[in-house]
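Engineer: Could you build all of it, start to finish, from the sequences and the hints given here?
In the order they appear, the protein sequences are chains A and B.
Under our numbering, residues 433 to 657 are what the first sequence spells out, in order.
Under our numbering, residues 433 to 657 are what the second sequence spells out, in order.
Check the hints yourself; a few may be wrong.
[As the list claims (entries may be wrong)] Partial selection, computed: residues in chain B whose CB lies under 7 angstroms from chain A: (1) Glu436; (2) Trp439; (3) Gln442; (4) Leu443; (5) Ile450; (6) Gly451; (7) Lys452; (8) Leu454; (9) Leu460; (10) Gly481; (11) Leu528; (12) Gln532; (13) Val536; (14) Ile543; (15) Tyr615.
These aren't lab readings, by the way, just hints derived from the structure by calculation.
Fair warning: this is a prediction, and the values are worked out from it, not measured in the lab.
Just so it is clear, CB atoms sit at the ideal spot from N, CA and C, and this is done for glycine as well.
Protein chains: 2
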Amino acid sequence: MSMERIWKDQLYQEFARIGKCLSSPKRLELLDLLSQGPKSVDQLAKITGMSVANVSQHLQTLHESRLVRSHKQGNFVIYGLAELSVADFMVSLHRLGEKQLVEVQKLKSDILLNHVSMEPIALEELLERMHRGEVVLLDVRPKDEYATGHIPGAISIPMEELEKHLASLPADKEIVAYCRGPYCLMSAQAVEYLKSKGIKASRLEEGVHEWKRFVDSTTSNKEII
Amino acid sequence: MSMERIWKDQLYQEFARIGKCLSSPKRLELLDLLSQGPKSVDQLAKITGMSVANVSQHLQTLHESRLVRSHKQGNFVIYGLAELSVADFMVSLHRLGEKQLVEVQKLKSDILLNHVSMEPIALEELLERMHRGEVVLLDVRPKDEYATGHIPGAISIPMEELEKHLASLPADKEIVAYCRGPYCLMSAQAVEYLKSKGIKASRLEEGVHEWKRFVDSTTSNKEII
DNA sequence: CAATCATTCAATTGTTTTATTGAATAGATA
DNA sequence: TATCTATTCAATAAAACAATTGAATGATTG
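Structural biologist: Next comes the structure, spelled out in structure tokens:
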């Protein structure tokens with residue numbers, strides 16, 4: 433076998449390690465969760481419904497490919513993305529999946545039918561209307577995820593505390609709720625609840641990383657060659 | 433199991449199908465090759481050194497995930513990327529791999545040591561100098577890949593025909609050669625050959641898709657929200 | 001109409017991966 | 001020091017995968 437062949441095989445072998453990480457549904461879910469902020473092993477186990485040992489094993493795999501990293505904090509091992517670019521890559525994967533896989537499109541529209549008339553608001557429209565002061569953006573993720581990063585201007589009320597803080601919401605404005613991204617249903621539940629209380633509300637499908645990619649693509653303005 | 437859990441599992445199952453495609457080194461190489469233009473099964477088999485049956489099997493996998501598509505042309509089945517966005521996604525994967533995997537960095541620098549003093553020229557610098565008419569950009573890929581898409585201003589001389597067309601190259605300008613991208617060595621071989629003939633030459637690491645992403649990121653200039 | 005050719009299919013092999021257990025580790029707490 | 005607790009490790013069994021081979025397909029060519 434030629435030198436070049438060996439080199440290419442080794443190189444693609446390496447890239448395939450990242451591919452391997454993405455070949456398991458559970459690992460993809462873990463990466464999506466970690467995109468929102470660092471978490472302990474058993475937090476991840478609880479959210480995903482997997483056994484702790486299983487989560488740990490998947491995290492090892494992700495660690496070997498340098499997609500996540502960890503540190504000890506008291507009794508817990510906290511895992512997080514190794515790089516912000518991993519989150520951005522996950523957005524790329526989601527985009528590609530939604531474009532190529534009819535099944536993804538179907539699954540998404542199916543769930544939105546369950547949540548009545550849940551047409552999401554477009555990111556562009558939202559930012560415009562926020563700017564004009566017409567809407568309030570609501571981040572319904574846990575506090576720590578909000579602290580890790582959120583869309584500027586959003587207020588934080590975690591899903592479980594929504595009822596408690598209902599009164600503090602401005603009555604005259606429309607509420608737009610968002611959560612972890614297109615495959616998280618917390619915002620849908622929030623909108624459903626708000627609507628049931630007679631509050632005008634709609635859902636933003638995008639999460640923090642999708643938002644970030646959007647502003648990056650609209651504000652980059654380097655000089656042309 | 434809750435409705436939501438089932439939905440999420442199905443959804444991530446779907447995304448994992450794309451991941452599966454990326455988990456095999458051979459399939460990654462096939463995707464990279466198809467990024468350059470459509471090819472028949474046995475063309476791919478010859479380039480990659482795999483058996484035809486094996487290539488066909490991998491192509492089925494890629495086809496099931498809607499990453500490639502095929503059509504018959506005479507006696508041949510021609511495969512190509514299903515969407516240009518697949519090529520762009522591959523660039524994302526390469527980026528992530530180069531950033532996270534030290535092994536990839538090492539493999540790349542190792543091979544460049546073999547090709548003496550082969551520091552690649554930066555894309556930005558190249559475009560500037562091309563614009564000033566200081567350099568000639570040379571596409572050494574096969575003609576059909578050039579026809580599928582090339583960097584504007586590049587001239588096409590496939591690797592094997594380089595010797596034949598040597599005289600037609602402008603003597604006063606520096607030559608910059610490029611090929612399929614960072615993991616293709618044709619351009620390095622071309623530069624080595626040109627240098628051996630006393631022609632000033634250097635290598636562009638980027639290929640068409642990397643170039644495309646670069647111009648997209650520098651020229652996008654929509655108004656800010 | 002037979003022969004040829006590129007490709008796919010089917011069956012087989014050996015290898016890898018997954019989820020599941022239960023035990024081991026190593027900090028923190030009492 | 002003993003006891004928790006969270007996590008990892010190790011061993012297992014079931015499932016999925018990759019590469020190989022040879023046969024089957026199906027269109028084109030002589």
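Engineer: Each hint: holds or not?
Structural biologist: Each hint, compared with the structure:
1. Glu436: Status holds, d = 6 angstroms.
2. Trp439: Since chain A brings a Cβ to about 6 angstroms from Trp439/B, closer than 7 angstroms, the hint holds.
3. Gln442: 6 angstroms, holds
4. Leu443: 5 angstroms, holds
5. Ile450: Check passed: Cβ of Ile450/B comes within 6 angstroms of chain A, closer than 7 angstroms.
6. Gly451: 3 angstroms, holds
7. Lys452: At 4 angstroms from the nearest chain A Cβ, Lys452/B passes the 7 angstroms test, so the hint holds.
8. Leu454: Result: holds, 3 angstroms to nearest chain A Cβ.
9. Leu460: 5 angstroms, holds
10. Gly481: 6 angstroms, holds
11. Leu528: 5 angstroms, holds
12. Gln532: 4 angstroms, holds
13. Val536: Status holds, d = 5 angstroms.
14. Ile543: Holds, about 6 angstroms.
15. Tyr615: At about 6 angstroms, which falls below the 7 angstroms cut-off, the nearest Cβ of chain A leaves the hint on Tyr615/B intact, so it holds.
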